[in-house]
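S.K.: Based on the hints, put chains B and C in the right spot on chain A.
Protein chains in written order, with our numbering: chain A, 1 to 351; chain B, 1 to 351; chain C, 1 to 351.
What the hints contain is simulated information worked out from the structure, not anything from laboratory work. Please note that the accuracy of each hint is not assured.
[To be verified] Mimicking BS3-like on lysine-lysine, the simulated pairs with C-alpha atoms at most 30 Å apart in a straight line are:
#1 K150(A) <-> K230(A)
#2 K245(A) <-> K118(C)
#3 K245(C) <-> K245(B)
#4 K245(C) <-> K230(B)
#5 K230(A) <-> K121(A)
#6 K245(A) <-> K121(A)
#7 K230(C) <-> K245(A)
#8 K245(C) <-> K150(C)
#9 K245(B) <-> K230(A)
#10 K118(C) <-> K230(C)
#11 K245(B) <-> K150(B)
#12 K118(A) <-> K230(A)
#13 K245(B) <-> K245(A)
#14 K245(C) <-> K230(C)
#15 K230(C) <-> K150(C)
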Amino acid sequence: MTTKTRPGNFFEDFQLGQHLVHAPPRTVTVGDVAVYQALFGSRFAVNSSDPFACALSLPSAPVDSMLAFHLVFGRTVADVSLNAIANLGYAGCRFGAPLFPGDTVVSDSRVIGLRQNKDSKTGVVYVHSTGLNQRGETVLEFRRWVMVRKRDLDAPAPETVVPTLPAEVPAAELHCPFSLPPGAFDTTRSGSEFLWDDYAVGERIDHVDGMTIEEAEHMLATKLYQNTAKVHFNQHVEREGRFGKRIVYGGHIISLARALSYNGLANALSIAAIHGGRHAAPSFAGDTIYAWSEVLSRDELPGRDDIGVLRLRTVATKDRACADFPGHDPAAADPAVVLDLDYSVLMPRRQ
Amino acid sequence: MTTKTRPGNFFEDFQLGQHLVHAPPRTVTVGDVAVYQALFGSRFAVNSSDPFACALSLPSAPVDSMLAFHLVFGRTVADVSLNAIANLGYAGCRFGAPLFPGDTVVSDSRVIGLRQNKDSKTGVVYVHSTGLNQRGETVLEFRRWVMVRKRDLDAPAPETVVPTLPAEVPAAELHCPFSLPPGAFDTTRSGSEFLWDDYAVGERIDHVDGMTIEEAEHMLATKLYQNTAKVHFNQHVEREGRFGKRIVYGGHIISLARALSYNGLANALSIAAIHGGRHAAPSFAGDTIYAWSEVLSRDELPGRDDIGVLRLRTVATKDRACADFPGHDPAAADPAVVLDLDYSVLMPRRQ
Amino acid sequence: MTTKTRPGNFFEDFQLGQHLVHAPPRTVTVGDVAVYQALFGSRFAVNSSDPFACALSLPSAPVDSMLAFHLVFGRTVADVSLNAIANLGYAGCRFGAPLFPGDTVVSDSRVIGLRQNKDSKTGVVYVHSTGLNQRGETVLEFRRWVMVRKRDLDAPAPETVVPTLPAEVPAAELHCPFSLPPGAFDTTRSGSEFLWDDYAVGERIDHVDGMTIEEAEHMLATKLYQNTAKVHFNQHVEREGRFGKRIVYGGHIISLARALSYNGLANALSIAAIHGGRHAAPSFAGDTIYAWSEVLSRDELPGRDDIGVLRLRTVATKDRACADFPGHDPAAADPAVVLDLDYSVLMPRRQ
Numbered sequence: 001m002t003t004k005t006r007p008g009n010f011f012e013d014f015q016l017g018q019h020l021v022h023a024p025p026r027t028v029t030v031g032d033v034a035v036y037q038a039l040f041g042s043r044f045a046v047n048s049s050d051p052f053a054c055a056l057s058l059p060s061a062p063v064d065s066m067l068a069f070h071l072v073f074g075r076t077v078a079d080v081s082l083n084a085i086a087n088l089g090y091a092g093c094r095f096g097a098p099l100f101p102g103d104t105v106v107s108d109s110r111v112i113g114l115r116q117n118k119d120s121k122t123g124v125v126y127v128h129s130t131g132l133n134q135r136g137e138t139v140l141e142f143r144r145w146v147m148v149r150k151r152d153l154d155a156p157a158p159e160t161v162v163p164t165l166p167a168e169v170p171a172a173e174l175h176c177p178f179s180l181p182p183g184a185f186d187t188t189r190s191g192s193e194f195l196w197d198d199y200a201v202g203e204r205i206d207h208v209d210g211m212t213i214e215e216a217e218h219m220l221a222t223k224l225y226q227n228t229a230k231v232h233f234n235q236h237v238e239r240e241g242r243f244g245k246r247i248v249y250g251g252h253i254i255s256l257a258r259a260l261s262y263n264g265l266a267n268a269l270s271i272a273a274i275h276g277g278r279h280a281a282p283s284f285a286g287d288t289i290y291a292w293s294e295v296l297s298r299d300e301l302p303g304r305d306d307i308g309v310l311r312l313r314t315v316a317t318k319d320r321a322c323a324d325f326p327g328h329d330p331a332a333a334d335p336a337v338v339l340d341l342d343y344s345v346l347m348p349r350r351q
Numbered sequence: 001m002t003t004k005t006r007p008g009n010f011f012e013d014f015q016l017g018q019h020l021v022h023a024p025p026r027t028v029t030v031g032d033v034a035v036y037q038a039l040f041g042s043r044f045a046v047n048s049s050d051p052f053a054c055a056l057s058l059p060s061a062p063v064d065s066m067l068a069f070h071l072v073f074g075r076t077v078a079d080v081s082l083n084a085i086a087n088l089g090y091a092g093c094r095f096g097a098p099l100f101p102g103d104t105v106v107s108d109s110r111v112i113g114l115r116q117n118k119d120s121k122t123g124v125v126y127v128h129s130t131g132l133n134q135r136g137e138t139v140l141e142f143r144r145w146v147m148v149r150k151r152d153l154d155a156p157a158p159e160t161v162v163p164t165l166p167a168e169v170p171a172a173e174l175h176c177p178f179s180l181p182p183g184a185f186d187t188t189r190s191g192s193e194f195l196w197d198d199y200a201v202g203e204r205i206d207h208v209d210g211m212t213i214e215e216a217e218h219m220l221a222t223k224l225y226q227n228t229a230k231v232h233f234n235q236h237v238e239r240e241g242r243f244g245k246r247i248v249y250g251g252h253i254i255s256l257a258r259a260l261s262y263n264g265l266a267n268a269l270s271i272a273a274i275h276g277g278r279h280a281a282p283s284f285a286g287d288t289i290y291a292w293s294e295v296l297s298r299d300e301l302p303g304r305d306d307i308g309v310l311r312l313r314t315v316a317t318k319d320r321a322c323a324d325f326p327g328h329d330p331a332a333a334d335p336a337v338v339l340d341l342d343y344s345v346l347m348p349r350r351q
Numbered sequence: 001m002t003t004k005t006r007p008g009n010f011f012e013d014f015q016l017g018q019h020l021v022h023a024p025p026r027t028v029t030v031g032d033v034a035v036y037q038a039l040f041g042s043r044f045a046v047n048s049s050d051p052f053a054c055a056l057s058l059p060s061a062p063v064d065s066m067l068a069f070h071l072v073f074g075r076t077v078a079d080v081s082l083n084a085i086a087n088l089g090y091a092g093c094r095f096g097a098p099l100f101p102g103d104t105v106v107s108d109s110r111v112i113g114l115r116q117n118k119d120s121k122t123g124v125v126y127v128h129s130t131g132l133n134q135r136g137e138t139v140l141e142f143r144r145w146v147m148v149r150k151r152d153l154d155a156p157a158p159e160t161v162v163p164t165l166p167a168e169v170p171a172a173e174l175h176c177p178f179s180l181p182p183g184a185f186d187t188t189r190s191g192s193e194f195l196w197d198d199y200a201v202g203e204r205i206d207h208v209d210g211m212t213i214e215e216a217e218h219m220l221a222t223k224l225y226q227n228t229a230k231v232h233f234n235q236h237v238e239r240e241g242r243f244g245k246r247i248v249y250g251g252h253i254i255s256l257a258r259a260l261s262y263n264g265l266a267n268a269l270s271i272a273a274i275h276g277g278r279h280a281a282p283s284f285a286g287d288t289i290y291a292w293s294e295v296l297s298r299d300e301l302p303g304r305d306d307i308g309v310l311r312l313r314t315v316a317t318k319d320r321a322c323a324d325f326p327g328h329d330p331a332a333a334d335p336a337v338v339l340d341l342d343y344s345v346l347m348p349r350r351q
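Next up, chain A with everything else stripped away, as it sits in the complex:
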């Protein structure tokens, strides 16, 4: 009777090389931008102002990098991770063409690896997911691996194929959508005088402010993205679950950390790549999120003297201020840490 309902894929439903076409397509609008703004309070000028974006040679203000991420990612959930027990990791996440209001994004995934676990109850699925705009340009691509339940515990194990995952996206492979004539970048309106040249490798920045998460907020966010992961929405089930409450989407914490990072990194125009990261602990409504960042490297973009790359480690905590950079010592875990992200941003250079 219930065959019309899609139960999501179980481990044995995935096949190496399989192409997953995710539904539905999503036209992005200034409405999405406003809801995202209301959720995270970001102040990056390039996302906030059309004229500011035009001065960077864009046609209008692009959506925040993480909104693009969430929209592409959200589409993949129903096919990839509806029956996942755990999101194990990300790699090789590269941002391409910016997403502008009016664009329509679709997401597809290819299965690039499969490994059944020894318990024969679960397996790890590796996918390469891609978001394309209506012109077929890549908006975002990333690899992701998740542990997925088997429906039929007797289903035979597939051949084990573990893909080689990129440890990083090299600076030379980053896409830079901005072009900046000398003198065109307005540091008074961007909110910071500090450019790429001013950051030192090893420098740590406390982003100071904290933001509390409400149940309504994180649910509005994931529904905006059409992300259907059950643990975010259903208190009736989650009250009986491991935590007794709904779990905040991990990407929500990345968005909060990115918005908080404006204070100290105001000229980080966009995220160009996410090399890797870890949701160290779950977050819940009522948590107050803080963040700090460390400059891991400062790289040039080949052939470009207007824009450079900062590779950053941003750590987010809950209910703990970051003046002393909790978690900076990899040897000593800090229980307040909820996110540890390794990524690269684009920033104007002094010309």
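M.R.: Just chains B and C, lined up with the frame of chain A:
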């Protein structure tokens, strides 16, 4: 001193044939669509993607049928039901021209029936409400009857006129805004391979997922629609009321049920008519809403082989999963049921 | 290590005549309008409908006056009041060109007064803030004074300069963006037959309805405006603070009062000036806000017989209905009063 304030109409203020012009007009935007998206998380492709809608011969993605309903309905509240004790029913609700971002909708109502109750304190008002776009096209029409308080208990009873209410909107009278060339419908991007032809009368579908309602969410929704019914917004009054808390707008549950129904009815392009329905019990913040549907009939649209009609019964529950179809037996009421809706959707046919 | 972070200005950082350029610029969209609509539920027709606004000689529906205010004000917080202990007052707040979706607003402030307090720990900073659209037209200007902490208690006191603050914005200096041909104003669609001519000086209006504030709502609002005042967002800090909880942005109460005032003042097209006001007490999530208004004066606009000015006092309360106009006696403070606002609105005249 307070004559500037509109107290809403009481029973004796209504006259048979009276034309009520509701305020204010409402221009619908992509902003409204985004807020609605964030509230309900719907995934129907035709509302989510401009190109997908264009392939169905529309100029752009129309707003969700229920958003159109709430906007038209919301306008009527201040004049029709501000002093209502109970919303008694709906009938003959027919959707016409889709509402697109940029359209401006106005609502008018005509009083089509009056019946004073035996207690002489209240009466039933029947109205026929219509929403029109800026071109004067009907977006929506429906009959509704509500029990309204008298202001002056000594006011004479009007002549009793109880209108004949349509038991259904016949398939032949449904408006179909879609036109679908053979092969134009993309079932990979819509999220389901199941078309009109694939549903059987009597088939039941559990929509599986549940969504929890927060106070902020249902209040944001009704304020978006400019629905001013007091019971949704005012905890200071409601804490002394019958339930001790704010009551969720019944239409909120319909929107949740419609969004949940994507899982099993992904190709239900729009609601063409609501034949009738019942809010079996009130819902409150904290409730988790589930839904299941039954196919009541499968009808052709006269002269059309691209699109057909499914008449559905959708039942929504609170804090109870729907795998066993609670409330399917009309002889045995299930206390978890909050909504029982009889309506028709349009769905592509196999060509 | 943390020099990249902007700590906000302390008292000794301000200099008389100093020009503060606030970041970032903000392009306003129909998305912002929808989020604002969902937060406050306003029904003023001119903000709700493009055609209605066009009949008043505008190109499209302008954003609500208070949304324009919050956007201009929000930009100033990071530079003016991040280290403020108290917002002491406003004066000479005058609205200019309406803000339309698509416009980009920037905010600047000039320091017009400084006075160190006797305790040598704090001082009062007076600023004149201005919001400009992309054509350089003034959208809003206001004076504001705040008590700000000193970073270095030994920093020398500046010369005391206390500016002369306007007690009111004279009617002759108000900007009227509307132009109304005889017969063009549709009182059926505006929701009230009462025009400028119909209000009497001394008349009091109870706006009847109450609206409860949720944590998610007031945080969504301030994040939408990019207002970074810490007390609104951070429960982890505020739970140790004076009230043990987050404080609702005072401007949120003004927006609620303005939205509630539709019932009784439906034809108040826009706010032309805020002469002064007082946040009599803080508001918190869970409070239900009510409001009432008194007509202080009825003024003509020079050379105009289509539009007039009503000067109003609007009082908002929490958890107390306003049928008996709490706080109307200036000699007897009412503890339920949270806002007492003196401002002028524009309203069509009978032609």
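S.K.: Now tell me, hint by hint, if it's right for this structure.
M.R.: A quick look at each hint next to the structure:
1. For the given pair, K150(A) sits about 18 Å from K230(A) by alpha-carbon distance, which is consistent with the 30 Å threshold.
2. Among the hinted pairs, K245(A) with K118(C) is inconsistent with the structure: their alpha-carbon atoms are about 51 Å apart, more than 30 Å.
3. For the proposed pair K245(C) and K245(B), the alpha carbon gap of about 22 Å is at most 30 Å, so the pair holds.
4. The suggested pairing of K245(C) with K230(B) holds, with an alpha-carbon distance near 27 Å, which does not exceed 30 Å.
5. Proposed proximity of K230(A) and K121(A) is supported: the alpha carbons are some 20 Å apart, at most 30 Å.
6. A threshold of 30 Å between alpha carbons decides the hint, and for K245(A) with K121(A) the separation of about 26 Å falls inside it, so the pair holds.
7. Of the supplied pair hints, the one linking K230(C) and K245(A) holds, its CA atoms being roughly 27 Å apart against a limit of 30 Å.
8. In summary, the hint linking K245(C) to K150(C) is supported, as the alpha carbons are separated by about 25 Å, within the 30 Å threshold.
9. A hinted pair counts as satisfied when its Cα atoms are at most 30 Å apart, and K245(B) with K230(A) qualifies at roughly 27 Å.
10. For the proposed pair K118(C) and K230(C), the alpha carbon gap of about 26 Å is at most 30 Å, so the pair holds.
11. With a CA separation close to 25 Å, the supplied pair K245(B) and K150(B) stays within the 30 Å bound.
12. Restraint check for K118(A) and K230(A): satisfied, since their Cα atoms lie roughly 26 Å apart, inside the 30 Å limit.
13. Of the pairs offered as hints, the one joining K245(B) and K245(A) holds, with about 22 Å between alpha carbons and a cut-off of 30 Å not exceeded.
14. Of the supplied pair hints, the one linking K245(C) and K230(C) holds, its CA atoms being roughly 12 Å apart against a limit of 30 Å.
15. For the proposed pair K230(C) and K150(C), the alpha carbon gap of about 18 Å is at most 30 Å, so the pair holds.
Violation of the numbered hints given earlier is confined to hint 2; every other hint is satisfied by the structure.
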